[in-house]
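Asks: Sequence:
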Amino acid sequence: MSNLNRFLGGSPGSVLVKLIFLSLLVGAFLAFLDITPIGLIEGLFNWIASVLDLSFETVQEVGLWILYGAVIVVPLWLISRLFGSRR
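At position 15 of the sequence shown the residue is numbered 15 (UniProt numbering), and the sequence of numbers has no breaks.
Source of the hints: derived by calculation from the structure; they are not laboratory data.
Idealized CB from N, CA, C, for every residue including glycine.
A portion of the hints provided could be inaccurate.
Pair by pair, the computed Cβ-Cβ distance ranges are [to be verified]:
#1 Ser-23 <-> Phe-56: 35 to 41 Å
#2 Leu-76 <-> Glu-42: 47 to 53 Å
#3 Gly-84 <-> Leu-54: 40 to 46 Å
Using the sequences and the accompanying hints, generate a full structural model.
Replies: Following this line, the structure appears as structure tokens:
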């Protein structure tokens, strides 16, 4: 078996026929559902953007929690350091 046949998984002609047949089936299915390749790509980008948006909102919210806590914790820590016992 040649390297090309091994790479393709069969003879180039038979692989081409299989790919054309599968492309026809998938294309017909997508046309039946009224889905276009551009629509799929746009949907993928929109999904990625929404996931990133969600992640950034979560990071922003956690950052706010840290700031809210720091308003109380840092002055108390500073006071305890200034007036704490020295050994």
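Asks: All hints are to be evaluated individually against the structure, with a verdict given for each.
Replies: For each hint, the structure was consulted:
no.: 1; hint: Ser-23 <-> Phe-56: 35 to 41 Å; verdict: 38 Å, holds
no.: 2; hint: Leu-76 <-> Glu-42: 47 to 53 Å; verdict: 51 Å, holds
no.: 3; hint: Gly-84 <-> Leu-54: 40 to 46 Å; verdict: 43 Å, holds
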